[in-house]
Amino acid sequence: MLERTQKAQNLMNHACKKLARQINIMEVCGTHTVSIFRNGIRTILPAGLKLLSGPGCPVCVTDQGYIDIVLALADRKDCLIATYGDMIRVPGKGGSLETKQPGPNVKIVLSSEDALQLARDNPDKTVVFVAVGFETTAPATAVAAKEAAAQSISNF
Amino acid sequence: MCLAIPARIIELKADNAVVDAMGNRWKAKTTLLPEAKLGDLVLIHAGFAICLVDEEEAGKTWELLAQIDNFGKTQNKISG
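Protein chains in written order, with the working numbering: chain D, 1 to 156; chain L, 1001 to 1080.
It is worth saying that the hints were derived from the structure and are not from the lab. Check the hints yourself; a few may be wrong.
Counterexamples of contact, computed for chain L against chain D with all Cβ distances above 10 Å [claimed, not checked]: (1) L1012; (2) K1013; (3) V1018; (4) L1032; (5) L1041; (6) I1050; (7) L1052.
Within a straight-line C-alpha distance of at most 25 Å, the following computed DMTMM-like cross-link-like pairs (lysine to aspartate or glutamate) qualify [claimed, not checked]: (8) L:K1027 to D:E147; (9) L:K1037 to D:D75; (10) D:K100 to D:D114; (11) L:K1013 to D:D86; (12) D:K100 to D:D75; (13) L:K1027 to D:D75; (14) L:K1037 to D:D68; (15) D:K146 to L:D1015; (16) D:K146 to L:E1011; (17) L:K1027 to D:D114; (18) L:K1013 to L:D1069; (19) L:K1027 to D:D121; (20) D:K77 to D:D124; (21) L:K1037 to D:E147; (22) D:K146 to D:E135; (23) L:K1013 to D:D124; (24) L:K1060 to L:D1040; (25) L:K1027 to D:D63; (26) D:K146 to L:E1035; (27) L:K1013 to D:E147; (28) D:K93 to D:D121.
Note that the Cβ used here is the ideal one computed from N, Cα and C, for glycine as well.
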């Protein structure tokens, strides 16, 4: 392992010297950032090679604590979890939403509107929409929240 | 959640639309794109129209999606 690391380091040093300019590599996914950090890869990079954290997707920027809360809510009989499919396999403490499947408490939705419909159809349950994401999903979440308030849907 | 697909608005009542992409039809909202009209091509993301798209762009995307669909049917799939 150490030998391979050394070899990789030599290759990187050699390549960077040859290019004689700064190389910037973007980490596309937050999980890359985490792996690189955990394995100490930054410490062996040559000076001319820089890793930049990329945009990150809604899944990998979701706080671990948030996922654990969702998992805890999924165990409650009075709750229904509505989530985009992306979150279903994200691990938290003691499993993922997928391991709760095919439990009736977790529903995959394609839209925040579907989550709201779930609340209309299940007045005896509190529907919790896993509102992950930023620019592209946050407005849709806001629309559903506004609609729920306007229509007095109190279990959403 | 990270995929947005161009689709045509084939029904529109207030901000409730029915959209069509490659023969697939589903419900979507135009709340975030109030200028969208019946017959417009829009980009649908997580059940919401988020912008207008032109015919050429939509055509290119549909073509790529069809390629992915065909990929599963081809004999020489990439192994490994």
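- Message: According to the definition I'm using, a residue is off the interface if its beta carbon is farther than 10 Å from all beta carbons of the partner; does L:L1032 meet that for chain D?
- Response: L:L1032 not clear of chain D: closest Cβ-Cβ about 5 Å, inside 10 Å.
- Holds or violated: are the alpha carbons of L:K1013 and L:D1069 at most 25 Å from each other? violated, 32 Å
- Task: Would you assess whether L:I1050, listed as outside the interface, keeps its beta-carbon beyond 10 Å of every beta-carbon in chain D?
- Result: At roughly 7 Å from the nearest Cβ of chain D, L:I1050 sits no farther out than 10 Å, so the non-interface label is violated.
- Query: Are the Cα atoms of D:K100 and D:D114 separated by 25 Å or less?
  - Reply: Cα-Cα ~20 Å, so holds.
- Is L:K1037 close enough to D:D68, meaning Cα to Cα at most 25 Å? Given pair L:K1037, D:D68 is violated - Cα atoms ~42 Å apart, limit 25 Å.
- Query: Any Cβ of chain D at or closer than 10 Å to L:L1012, or is the non-interface label fine?
  - Reply: holds, 15 Å
- Message: Checking one constraint from the list: CA of L:K1037 to CA of D:E147, max 25 Å. Satisfied?
- Response: holds, 22 Å
- Holds or violated: D:K93 to D:D121, with C-alpha atoms at most 25 Å apart: violated, 30 Å
- Task: Assess, step by step, whether the Cα of L:K1027 is no farther than 25 Å from the Cα of D:E147, and give holds or violated.
- Result: holds, 16 Å
- Query: Are the Cα positions of L:K1027 and D:D75 separated by 25 Å at most?
  - Reply: Since the Cα atoms of L:K1027 and D:D75 sit roughly 31 Å apart, the hinted pair is violated (cutoff 25 Å).
- Task: Find the nearest Cβ of chain D to the Cβ of L:L1041 and say whether that gap is larger than 10 Å.
- Result: The claim holds: L:L1041 sits with its nearest Cβ about 18 Å from chain D, beyond 10 Å.
- Message: If we take the beta carbon of L:L1052, is the closest beta carbon in chain D still more than 10 Å away?
- Response: L:L1052 clear of chain D: closest Cβ-Cβ about 16 Å, beyond 10 Å.
Violation of the numbered hints given earlier is confined to hints 4, 6, 9, 11, 13, 14, 18, 23, 25 and 28; the remaining hints are satisfied by the structure.
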